[in-house]
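Novice: Construct the entire structure; sequences and hints are all you get.
Here the protein sequences line up with chains A and B, keeping their order. Note that the working numbering gives residue 177 to position 177 of the first sequence, counting from 1, and the numbers run on in steps of one. Note that the working numbering gives residue 187 to position 187 of the second sequence, counting from 1, and the numbers run on in steps of one.
Misleading hints may appear alongside valid ones.
To be verified - Within a straight-line C-alpha distance of at most 25 Å, the following computed DMTMM-like cross-link-like pairs (lysine to aspartate or glutamate) qualify:
| id | chain 1 | residue 1 | chain 2 | residue 2 |
| --- | --- | --- | --- | --- |
| 1 | A | Lys47 | B | Asp22 |
| 2 | A | Lys207 | B | Asp22 |
| 3 | A | Lys194 | A | Glu219 |
| 4 | A | Lys51 | B | Glu14 |
| 5 | A | Lys51 | B | Asp22 |
What the hints assert, rightly or not - A few chain B positions that, by computed beta-carbon distances, are all more than 10 Å from chain A:
| id | residue |
| --- | --- |
| 6 | Tyr41 |
| 7 | Ala58 |
| 8 | Ile122 |
| 9 | Tyr202 |
Bear in mind the hints are in silico, worked out from the structure with no lab data behind them. From a predicted model like this one, the values you see are computed outputs, not experimental measurements. For glycine and all other residues, C-beta sits at the position ideal for the given N, C-alpha and C.
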Amino acid sequence: MAVIRDTMAEFDLFQPASIDDALALKRRYGKTSWALAGGLDSLDWFKDRIKRPEVVIDLSAVESMRGIRETDDADGVEIGAMTTLTEVAEHAGILSRFGLLADAASKVATPQIRNQGTIGGNVTQDTRCWYYRGGWPCYRAGGNICYADTPTAINREHALFESNRCVAVNPSDTAPALVALDAKFVIMGGGGEKVVDAEDYFITPAKDITRMTILEPGELLTSIRIPGTWAGARFYFEKVRDRQAWDFPLVNIASAMKVSGNTIEDIRLVVNAVGPRPLRLTDVERQLKGQSVTEEVGQAAGELALLGARPLQHNAYKIPLMRNLVKRAIRGTGARA
Amino acid sequence: MSIFQWAQNPWGQEILIRISWDLLYLAIAGGLAFVIGHLVYRAKNPPKTAEVPDIGDAGKDIPEKIVRHSLAARLFHWVMAITMITLLVTAFFPILGIQFNWVPIHWMAGIVLTAAIIFHIIHASFWLNLRNIWISRQDWAEWKQEMEHALGKGEPPPKTDKYPVDHRIYHNAILVTGFGVIVTGLLMMVRVENLIFARNSYLLAESTWGWVYVIHGLSAVGLVGLIITHIYFAILPEKRWITKSMIWGWITKKDYLANHDPERWVVTDKASK
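Specialist: Set out below in structure tokens:
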């Protein structure tokens with residue numbers, strides 16, 4: 001069980017200056033190593049002494065993983081994984097073309113955390129299930145029980161969808177926005193570079209109960225590419241949380257919609273914090289294409305989005321919450337467009 | 001190498017979680033070591049073709065094709081084989097690093113196996129001769145004789161009943177491990193989402209769950225070793241007549257006379273029990 005000690009167990013700290021050096025360290029130390037981005041997820045683990053890596057690879061000196069660059073793709077951008085959330089939220093190009101992401105990034109935690117936290121860390125962060133974070137030997141921690149899915153468990157923040165033994169949720173705000181924007185994640189590892197769709201970066205416990213993403217121990221997420229496909233579309237992002245000042249989402253929603261007149265030509269709709277990965281509502285998207293943007297269509301989309309939802313003891317409130325968020329994403333005016 | 005995995009529960013107590021996966025590698029290594037050892041032994045002591053005795057007029061009532069496994073028995077065997085392989089693949093591939101959505105396939109295969117075994121118990125109890133598969137004192141004595149003969153001592157063992165003693169030993173090993181995985185597997189189903197049982201992680205005490213997982217794991221890794229050796233013997237040239245009988249149901253009169261004692265496994269008509 002977690003004991004807050006405020007001092008971390010000792011480890012060897014490496015501060016590579018290039019991706020190649022960082023990967024060489026990952027290869028050398030394998031599973032005993034830990035890649036440190038902004039440190040906001042990592043330091044909790046270290047101070048609670050639940051995760052005790054022997055080697056920490058601090059990526060803050062890798063300049064090539066920082067910054068926002070234009071790409072050859074018209075209107076596309078590439079964001080280094082070590083770019084801070086504040087930089088993403090305030091970048092002129094992101095604001096003008098991908099306001100959805102700027103909006104999502106600006107709603108992460110607090111200004112201080114956004115100044116330190118990175119976009120790579122935000123999408124790769126571990127779940128916040130407190131049984132797991134508290135060091136209890138649950139499925140995700142390698143045990144054989146989910147403490148959050150029992151008759152007496154406190155599971156108000158847990159999953160409605162895709163729970164498979166573990167009912168923890170993905171807590172990222174930027175992840176659903178990136179999935180809605182059809183972003184590509186660039187992963188470097190022993191086999192070179194691979195580029196995956198944002199929605200394929202995240203995995204469910206059915207695939208691997210001990211991980212939230214496809215990242216292997218010897219790999220690094222180095223950048224995120226956003227194609228120009230959805231630049232300037234009608235966007236909507238909304239995050240519902242207990243404390244407006246600083247909290248993880250109870251549910252958040254990100255949508256990118258191309259509208260002609262009042263007719264939806266194309267749409268990508270993603271909800272997070274209701275399952276172990278950002279949930280793209282592909283069935284709803286299919287039904288919405290060609291429909292008019294109306295209250296009734298939004299209502300029907302909200303109902304359809306909930307098919308397959310299985311609430312736990314204390315999180316049934318997420319059902320009307322998600323239904324209404326979907327409705328608002330359809331009929332809303334957009335946060336920034 | 002450790003045998004068990006332990007963890008600390010929220011109250012700071014050490015609790016049993018499951019077997020150590022080192023045992024999986026041990027079972028694979030053990031199975032493969034047996035296969036390699038047997039291949040070496042076989043190369044030094046090539047199997048002899050069993051002689052077909054001349055039993056004169058006594059053989060005129062013996063048909064050319066002798067039923068060894070009924071259709072029901074063969075269906076059970078192959079359903080069990082498919083489900084066992086499915087269960088082992090879905091259980092152990094993720095541990096070996098091949099990740100996929102294994103839980104639903106695993107419990108569904110487990111249910112099919114359970115149903116098949118219930119069918120087999122009923123079929124064997126009422127339509128087959130259970131004595132064919134139990135191991136008697138005489139069987140143990142003959143097995144000892146067989147082992148000593150294999151090591152170059154003593155006379156060869158007498159020809160067998162319907163099932164050789166090593167088959168009976170194997171069947172009973174499968175019986176023990178099979179029941180181990182099925183009983184514990186059914187209990188474990190209440191801890192995962194499925195269509196049959198409501199989820200209830202508190203059905204048993206924490207330490208009892210640990211033993212359920214240990215028995216499930218020990219039985220499963222035991223099956224890994226058993227199945228490796230079973231497949232190995234099934235594909236050996238001198239055993240293929242038995243393997244073919246599990247496909248077609250019958251053996252030839254020649255194989256029958258060469259390998260079985262007609263007085264111990266009496267065949268008088270087209271079928272035998």
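Novice: Does each hint hold? Answer for all of them.
Specialist: So, going through the hints one by one against the coordinates:
1. Lys47/A - Asp22/B: violated, 31 Å
2. Lys207/A - Asp22/B: holds, 22 Å
3. Lys194/A - Glu219/A: Given that 25 Å is the threshold and the Cα spacing comes to 10 Å, the pair holds.
4. Lys51/A - Glu14/B: holds, 19 Å
5. Lys51/A - Asp22/B: holds, 23 Å
6. Tyr41: The claim stands: Tyr41/B keeps its Cβ more than 10 Å from every Cβ of chain A (closest is about 40 Å).
7. Ala58: For Ala58/B, whose nearest Cβ neighbour in chain A is about 61 Å away, the distance exceeds 10 Å, so it holds.
8. Ile122: Fine: 33 Å to the nearest Cβ keeps Ile122/B off the interface.
9. Tyr202: It is violated; Tyr202/B is separated from chain A by about 6 Å at its closest Cβ, not greater than 10 Å.
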